[in-house]
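There are 2 protein chains.
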Amino acid sequence: MPLAKPIRQARNAKPDFFKECNRMAKYVYTFGAGKAEGGTKMRDLLGGKGADLAEMSSLGIPVPPGFTITTEVCTGYYENDKNYPADLEAQVDAALAATEKILGKRFGDAKNPLLFSVRSGARVSMPGMMDTVLNLGLNDETVRGLIEVTGSARLGWDSYRRFIEMFADVVRGVDRNLFEHVLQEAKDAKGVKLDTDLDAADLERLVGRYKEIYRRELGEDFAQDPKKQLWDSIGAVFGSWETPRAVTYRRLNGIPNDWGTAVNVQTMVFGNMGDDSATGVAFTRDPATGAHDYFYGEFLVNAQGEDVVAGIRTPQQISLPGSREWAEGNGVDETKRKARYPSLEEIMPVIYAELEGTRKKLEEHYRDMQDVEFTIERGRLWMLQTRRGKRTAAAAVKIAVDMVKQKLIDKEEAIMRVEPARLDDLLHPVFDPEAKQRATTVAKGLPASPGAATGQVVFTADDAEAWAGERKKVILVRLETSPEDIHGMNAAVGILTARGGMTSHAAVVARGMGKCCVAGCGDISVDYAKKCFTASGKTLKEGDWLSLDGSTGEVIQGQVATRDPELTGDFGEFMVWADELRTLGVRTNADTPKDSRVALAFGAEGIGLTRTEHMFFDPERILAMQEMILADDEKGRKAALDKLLPFQREDFIGIFTAMDGLPVTIRTLDPPLHEFLPHTESDQRDLAKAAGVPLEKIRARVTELHETNPMLGLRGCRLGIAYPEITAMQARAIFEAACECKKNGINARPEVMIPLTSSREELADQKRVVVATAEEVFSEKGIRVDYLVGTMIELPRAALTAEEVAREAQFFSFGTNDLTQTTFGLSRDDAGTFLPMYVAKGILPHDPFQVLDQEGVGILVDWATKMGRKARPDLKVGICGEHGGETRSVKFCHRVGLNYVSCSPYRVPIARLAAAQAAVEDKRK
Amino acid sequence: MPLAKPIRQARNAKPDFFKECNRMAKYVYTFGAGKAEGGTKMRDLLGGKGADLAEMSSLGIPVPPGFTITTEVCTGYYENDKNYPADLEAQVDAALAATEKILGKRFGDAKNPLLFSVRSGARVSMPGMMDTVLNLGLNDETVRGLIEVTGSARLGWDSYRRFIEMFADVVRGVDRNLFEHVLQEAKDAKGVKLDTDLDAADLERLVGRYKEIYRRELGEDFAQDPKKQLWDSIGAVFGSWETPRAVTYRRLNGIPNDWGTAVNVQTMVFGNMGDDSATGVAFTRDPATGAHDYFYGEFLVNAQGEDVVAGIRTPQQISLPGSREWAEGNGVDETKRKARYPSLEEIMPVIYAELEGTRKKLEEHYRDMQDVEFTIERGRLWMLQTRRGKRTAAAAVKIAVDMVKQKLIDKEEAIMRVEPARLDDLLHPVFDPEAKQRATTVAKGLPASPGAATGQVVFTADDAEAWAGERKKVILVRLETSPEDIHGMNAAVGILTARGGMTSHAAVVARGMGKCCVAGCGDISVDYAKKCFTASGKTLKEGDWLSLDGSTGEVIQGQVATRDPELTGDFGEFMVWADELRTLGVRTNADTPKDSRVALAFGAEGIGLTRTEHMFFDPERILAMQEMILADDEKGRKAALDKLLPFQREDFIGIFTAMDGLPVTIRTLDPPLHEFLPHTESDQRDLAKAAGVPLEKIRARVTELHETNPMLGLRGCRLGIAYPEITAMQARAIFEAACECKKNGINARPEVMIPLTSSREELADQKRVVVATAEEVFSEKGIRVDYLVGTMIELPRAALTAEEVAREAQFFSFGTNDLTQTTFGLSRDDAGTFLPMYVAKGILPHDPFQVLDQEGVGILVDWATKMGRKARPDLKVGICGEHGGETRSVKFCHRVGLNYVSCSPYRVPIARLAAAQAAVEDKRK
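Chains W and S, in that order, give the protein sequences. Taking our numbering, the leading residue of the first sequence gets 753, the next gets one more, and so forth. Taking our numbering, the leading residue of the second sequence gets 753, the next gets one more, and so forth.
The hints are simulated quantities; they were obtained by calculation from the structure and are not laboratory data. Hints are supplied without guarantee of correctness; some may be wrong.
Note that the list lumps identical chains together, so a pair holds whenever it fits in one copy or between two copies.
[As the list claims (entries may be wrong)] Taking lysine to any residue pairs in the SDA-like style, the calculated list, with each CA pair at most 20 Å apart, reads:
no., residue 1, residue 2
1, K1593, A1474
2, K1593, P1476
3, K1282, K1293
The structure presented is a predicted model; accordingly, all values stated were derived computationally and were not measured.
Kindly generate the complete structure, drawing on both the sequences and the hints.
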């Protein structure tokens, strides 16, 4: 083992770490035999797996004994030039001794060897991300002891073969395929297909050949000393924390690099000791739907755990009803099912009952759906792991609602159980049933992760990423996926695999990503070399269109139209609870009556942003807009604006009518004028003809309006200040529409919002125009309508001078898109060249255009809110940037005391839930 | 008079104003006969002129009695729909009565009429900006009383004529030229040149014709009621506060619109009652040089005050030495001088002595150079005005230094007496003497405002503005200037007038602007119609090059080379005092050893900003830079960078050597890479050939590097993070240069500055590269050099997260140019389309790129300084934006507690003085 170096003398160690070490010199926690030194509450220190193993052990659930090396050791290991604390070795030795005592076996004992698994275990689950070594402790001597004790030469040699392969791969970095190739050769030579068709002698020969590969690749013999095996493996687990795929996973999932992983050293139990042995994975409720009418899980007889996860053999179902449903879904008749895929309930009813009891115990204890791994060794059940089960959004909602009804949790806890962003999964369109009826289903696989996806076929993760980079939607098609494919899965809109079950890598990861996935689709035949697959006699090549229904498992040729989802039942009930709890308002960004109605259906309480300029791009209107821009003087501009007025008025009548009684925030013209002029020669010619002006004039105006940095140019309120007649026209359209609505019994509540303000004076200038126009219209119509005038806060200076600005503004709405651009000095249009690099290098924790930068931009939001309210205590404050529908950002808005967030219609439920969670978090504090 | 409306009932009145009114219901303050109700301390309320008239009266200086209507009335007038407070009329009547009592005359008395002047008087002098009415009270009856009392029919009719013209022009808006035309006709008819050649009968006839013009133009008879004349004139003065030219002047001079003007109603005295009468203007010290060896001033016998100011007649000098010097300078021999231009000292020695006594009294009282107006009426001296005299920068410095030596003021006060920006006048280049010797002087005028200017001739203020808008340097040539020419004078680099004295409009305004001016140059003959002038037989047309020496009065044909000014004597002494007082450091922005040396000579204490990219634009280097940008990989980039290394090293050796022992802040590469690539087809071809790469590749790279908003793109530290090898090369050049210097006994103190940081992590990344490179170089050379690594704070986020950033930064330097851009969301390149409008509309008080925006950007500077020091108490904080050489901004930097400001070499003295003033202001608080 590596020389232990006193951690306190290590250079560059963080002071905090030392402090922690001084306080807490215990690095190793044992568990087993109904006892444990740790427990669930020590998750940060022991990792999820270690904490839960300890917890299970304390609960009296049968757990193979072992011990956990803390995450603190991992952190310290990286901070101290990959050295361990001085007394770690002694603590491990003590834990080993304790484990040996429980089982009455000794590690390295040639007669009756104790074998270990060595696994990683971080605070949060990172499935498949880090390395595991099984059957540790085997060597040329102990393998014979194992054979003697178990009476199974096959198991002995198979275990040793697996151990050599794993150790070589995981600990020493030898290419696993070298071993797999030899294994395949052995099977081919014997004319068999399955590993299980190899006998003890075959496997013993393989061990010999594996050791040869090991020697050839590494220039040394396979390590025979069990203690060296152990320490090398511990080092490998710690080392796996920093592999590129682990780093990528953490980045994608927002897991801090300094959390570290624990190492769990646990006694091996064998699911491959014959037909009275098995290994399986189960969920206490259905992770796809949340149902708990039967026990949901899969197992393989005479197998080791990784056989299930790897998805190489098709697993059997745990419960009888589950098995029947699976058979029905896969077109397997009852006779074949009973023969080839019987349930655990049928073949091992006692074990099944014990497992069912454990399931109940765990749910009652954890009051959450659990994901468990178990092994049955010669008729004895061992629980290897329990953890919070990943689930689809629909399942998350259903489980939360059901558990409230079961009185396992209260409504507040239920609200906290669903990650708001996951609601996206429920809100995404599904296939249009009619379109789908017309479509050709070419195959059917497992409905591994719900949702509908349409994209072009690619066959490698790298291609998926590259095509997605060109803004193509892709479906990643693989025989099976592995952790190396993560970036491609992330880039794809859907994933289709030929092999693997509902707990295969592809299924678990896709659900985690909330991404549509059809797994284990044996109907398809994939040819990586030719980049195509065949199904139902049809061949689909790279680039062909494919559609996946992740909720049914259907694989459909071509593109299929989608339809908006319907939200009822559990979801509706759940959202009502969220609304009861939240204090933050939720509005929507909508520019049309249609958008407004969608948002209302999703629970929006008003419009936080209507962008009036979008209305001008309509073909009937753009010409008038262009005439306005080309006009020589105010008179010409007014004439053109007069043409736009009736259009704008109609737009607003439509929106006011849709939002009857709810506030509607309307932003005056924002984008630079050059955006409305054509830039190609031919378009300019067309405009010249249509507008009756010389081409030269259009060219000249385009040149004149050109800006070096349009983001920082003549736009926003600067336009309205330069051309007050534009603001006046828009204000007139708003107030005429509002008066018209009032006449028809509709309650229009306009809030006029001036964009890109940087000072009180700008707002005062535009407010004068708006107020004067309102008074004009009211006196013309003989009707008055209540309205507000406020401003976007989207420039740092507006935020910094908020106290002054609020003397004019009746409301603020943070435009955090632009505010992020100016605060960072970062153009969204240009940041693509370096922002991904920044996130990859850890210079930024995430893209600040996706997640509000609380440390920087957030200070401005907080300051402006406080200062604005200082000047005007009843100032209404909201946010209308993209961040208004992002969970962490919404929670921040709640904490800062905003009145509302506003987001796109489909994100309204996310914002409602995030707001409710923020309120609960507040209460709990 | 207009109906007085109770001010408290007026709508829209500001609450503050009412409060003020409640407290202070006195609107009229009398002065005269050795007493006064006001004084200098009431300048805000009485305006400068009114306060000083009251002060003089209290000092026993003979002042024609009268009264002042306060500035508060003006402010209220505009805030209350141009209505006066209710009791103003009664207060004016009382003051009239008091004035009548002092003189024993009555206003409107047909026998012995009291006449008044009505003049504006704001808090600060706004020369020629607002209107004045003289001889008020004259009508068809009182003119005869005046003739009887004075015994001078000529004076009576001349005064009445002038009054009608002024009243018609100023109060009623009739074109003055209509009257001047008739006057000219009368002179032509009589065959005379001067007004004084007209006799009483001529003038009486003119009065008749003037009244006809009045009737024709206005459709009514000339107002005969003196009280109506008075109230109309008071209204006109208040009205003149808002004329476009007054608004322009205030904008140019940063005078708030709400200060308002007072109205001074003062008894008329007549300098035109014959040869024992005169009128004049004097300065207690020479306003051009600051000399006080004789009494500097001009007068005209038998004239009214405006004759002097208007510069139509060439005035005589007050003192004999002054007169002799004037004669010498103008080539007038002693005989001619005595005959035609005798001094006041010679022709009225008693009055001269009284005036000299008054001069001393005023200087002792005000302890500052005064600008006085006086009138001698039939042998009796009356002082009409005293005010702080405007002066050239050289005079300001000399007067301040002299007054300290005379123990009139202390050093601190001396420092406060010079507006730092005015030092520019002393620092601007003068003509190269040799170049000037070769040049052809075509005329000589009065050295009205010092400095040297070379530009193209234009003849109208509008042309001056238009040409300057095209970045041309222009000399404005006029017969004489008037307030309507202000915008053209502002646009011109120099002003030449054919007429007028040292106190003419052109001279006074040019000195105020610190702009080179040659006035009263009778040698030239101007033809506006043909847009040319002749001098010494040469004709110069519009667009021809002309040079002016404002210190000698020389008018030179063509362009003349200029040379750096030498600063010694008073200036040196004065700046030493400034340095003794100031606590803020002053560095310079310099990219070359030459700039560094200039700045050192101006007193720079280090370099605050060296822009390394400027070095790359050198023709020998740009190719290597371009090769670097075109390289396919890091290896290619490194090869190109290796070529740049020796150049950069030599640059730094040069700068370190120049700044031996002083800190040198070096900024790593900042601009976007596309700035270094050619954008025209032919340049791209040249580069393709030179760099040996296909043209297509260059085009592709240019396209790839194109940015929508380059200001917010891949630049600053983002470049160094994307291409660490660039930072490494620059760091290597810096440290190799520093080591080389140390070997040669030169103390190099590099401070490496990372630009465009927005987070601690960015700085940490670049700091790692710099520190690693430094260690490499030190170990290669076996020499260590002390250095700092810090960052620009030029993005709002860097300022907001300053506490974190300071954990990595050893210094901050505010890049307020970029910080202003991002805080305002305003591109300097594009703001030209609306920023002038913003300043004109009063939406911004001034261009925030010229004067630091303390309310917005300043909050960030203040916050970042405090937060940065919180994390690192010894953090060095400076500023290196353009604002580092602007007075108000420098004072702000002092108040915020910065360690230093850094500015361009020529602005270093300005920064030193501004810093000293800030320290004094601090002490005085």
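Margin query: To test your reading of the hints: which numbers does this structure violate?
Written below: Violated: none.
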